[in-house]
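Colleague: Put together the whole structure using the sequences plus the hints.
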Amino acid sequence: MNAAGFPLLTLLTFLPLVGAAFILTLRGEDKVVAENARWTALWTSLIVFALSLILWFKFDKADAGFQFVEQLDWLSEFGITYHVGVDGISVLFILLSTLLTPICILASWDAIQMRVREYMVAFLVLETMMVGMFAALDFIVFYVFFEGVLIPMFLIIGVWGHSRRVYASFKFFLYTLLGSVLMLLAILLLWYRAGTTDIPTLFEHAIPASLQTWIFLAFFASFAVKVPMWPFHTWLPDAHVEAPTAGSVILAGVLLKMGAYGFLRFSIPMLPQASADFAPFIYVLSIVAVVYTSLVALAQENMKKLIAYSSVAHMGIVTLGIFTFTVQGLSGALFQMLSHGIVSGALFLCVGILYDRVHSLEIARYGGVAKIMPAYALIFMLFTMASVALPGLAGFPGELLVIVAAWKVNPTVALGAALGMILGAAYMLYLYRRVAFGKVTKQDLFSLMDMSPREHLVFAPLVVLALWMGVYPHSFLSFFEASVTALVQRHEAALGAARLAGM
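All the letters of the sequence shown, read from the start, carry residue numbers 1 to 503 under our numbering.
Fair warning: there could be bad hints in the mix.
[As the list claims (entries may be wrong)] Now the in silico label distances, taken between C-beta atoms and shown as ranges:
1. P374 x Y430: 16 to 26 Å
2. S360 x F57: 36 to 46 Å
3. A460 x K371: 22 to 32 Å
4. T201 x V181: 16 to 26 Å
5. A62 x H456: 36 to 46 Å
6. A460 x L185: 41 to 51 Å
7. F22 x L75: 28 to 38 Å
8. D63 x P7: 39 to 49 Å
9. T201 x R27: 46 to 56 Å
10. G65 x K439: 21 to 31 Å
11. P374 x G5: 48 to 58 Å
12. V404 x L53: 30 to 40 Å
13. Q113 x S76: 41 to 51 Å
[Said to hold, decoys possible] Restricting the straight-line Cα-Cα distance to at most 20 Å, the calculated cross-link-like pairs of lysine to aspartate or glutamate (EDC-like) are:
14. K439 x D277
15. K439 x E492
16. K408 x E492
17. K439 x D450
18. K171 x E147
I should point out that these hints are in silico values taken from the structure, not numbers from a laboratory. Heads up, the beta-carbon is just placed ideally off N, CA and C, and yes, glycines get one too.
Modeller: Next up, the structure:
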């Protein structure tokens, strides 16, 4: 536990389940139950967010180790314990999860009218799984939360999604589950060799180079699908198109970060030799993802598909930064993960506002929206600019750091990443021009109402963060610095020892 002996991380993790259980007890008329479920979910998620702010304020940025640690016996005869804690790599992702959850609940307030109680329960369960996954310091605990995320998201897409929701939900579930089976086998192998699944203990356990290769590939099978890296990305556009707006926000904002987080948390510190050996392979996949999916995005006529493919391109920048094995590259990748969570989530919310009014995702259906909805057009423009990495907004610092780090490692790779930034500007500006400007192509668009007070409230924290991260990135980078520096030093020391042993 932390210094005060207060189980803050456990409370953060499981409080949403308390709210979900309370919602399930609600009885009465359907409308009353639905309204009470909304308010219960909102207040529960806001309390969890407030607790996560305590985590943020009390976090010691100079400490590279794990903080707020809690450890209890669970299956101790097998070397498995309930072990949680956070470091500079994980703490801000817990905040991202707890911030986006109440935003998603607010965004769903009017959009979800069917089975509202069950929908709110699914989101609160999802929040527990996300927070628990980022806080886990035992492999089995991590795996439970890592896979547990699939169940509520499967239901959110499959029950409250659009016309092809069942197909998209099963595709999402099968892709991500099958990859994770190999990761489970790797975890069991580590447990067999070390006698424990405790993650900090396994950091100190030397794994032979030959075995590292197989374990890396098993982890890669799971993490590459979750990122998703090319060519394992094909489930993502369908999931985004069919998911309700809030489902797309969480999927892009948090769930896509799980794979990259796995590379950072496990592959690099535990498998340094294999990570270095496979780095050129990761570079190729990352650059293909950046360039190819940007070109695919440019050809899209569906707004959600365009943003979904842009997510694959942006996450290609993330995997590229991670495998530079430099402080700059890893810090840039972490910053890019956070900024993408904010910006992509906001872009899906922007699409959702139009869909709620017109019930169409086709770009050709719109035109001249800026004349009819000026406040909306301003918000949409801000996040479009953030997505194309305009200096002064959230998307710029992370991409710049990754490209600079990549240039030091391999200039060709850096040029490929820079090309992705150019293509990103092309498809996002093309989207914005067609939707916001030009003639109003459909007469019924004249009846559209601009953003409501609730919608302004939904976007307010995202706007603040997009500007804050762009203007003062150090306030976020400082959280990563100590942990990233320690990770890079550990990686370099392990490689150095491996070279000496091979001489």
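Colleague: All the hints need checking, so say for each whether the structure fits it.
Modeller: Going down the list of hints, with the structure as the test:
P374 and Y430 have their C-beta atoms about 21 Å apart, which keeps the hinted 16 to 26 Å range intact. A hinted range of 36 to 46 Å for the beta carbons of S360 and F57 is consistent with their spacing of about 44 Å. Here the CB-CB span from A460 to K371 is close to 24 Å, well matched to the stated 22 to 32 Å. A hinted range of 16 to 26 Å for the beta carbons of T201 and V181 is consistent with their spacing of about 24 Å.
Evaluation of the 36 to 46 Å hint for A62 and H456 yields a pass: the beta carbon distance comes to about 38 Å. Our hint of 41 to 51 Å for A460 and L185 holds, since their Cβ atoms are close to 45 Å apart. Distance hint check for F22 and L75: the Cβ-Cβ separation is about 30 Å, which falls inside the suggested range of 28 to 38 Å. In this structure the hint that D63 and P7 lie 39 to 49 Å apart at CB is violated, the actual value being about 19 Å.
In this structure the hint that T201 and R27 lie 46 to 56 Å apart at CB holds, the actual value being about 48 Å. For the hinted restraint 21 to 31 Å between G65 and K439, the CB-CB distance of approximately 60 Å leaves it violated. Roughly 53 Å separates the CB atoms of P374 and G5, a value that falls within the hinted 48 to 58 Å. Taking the beta carbon of each, V404 and L53 are about 32 Å apart, inside 30 to 40 Å as hinted.
About 48 Å separates the C-beta atoms of Q113 and S76, a value consistent with the hinted range of 41 to 51 Å. For the proposed pair K439 and D277, the alpha carbon gap of about 54 Å is over 20 Å, so the pair is violated. For the proposed pair K439 and E492, the alpha carbon gap of about 58 Å is over 20 Å, so the pair is violated. Restraint check for K408 and E492: satisfied, since their Cα atoms lie roughly 16 Å apart, inside the 20 Å limit.
A hinted pair counts as satisfied when its Cα atoms are at most 20 Å apart, and K439 with D450 qualifies at roughly 18 Å. At roughly 15 Å between alpha-carbon atoms, K171 and E147 fall within 20 Å of each other, so this suggested pair holds.
This entry does not satisfy hints 8, 10, 14, 15, going by the numbered hints stated previously.
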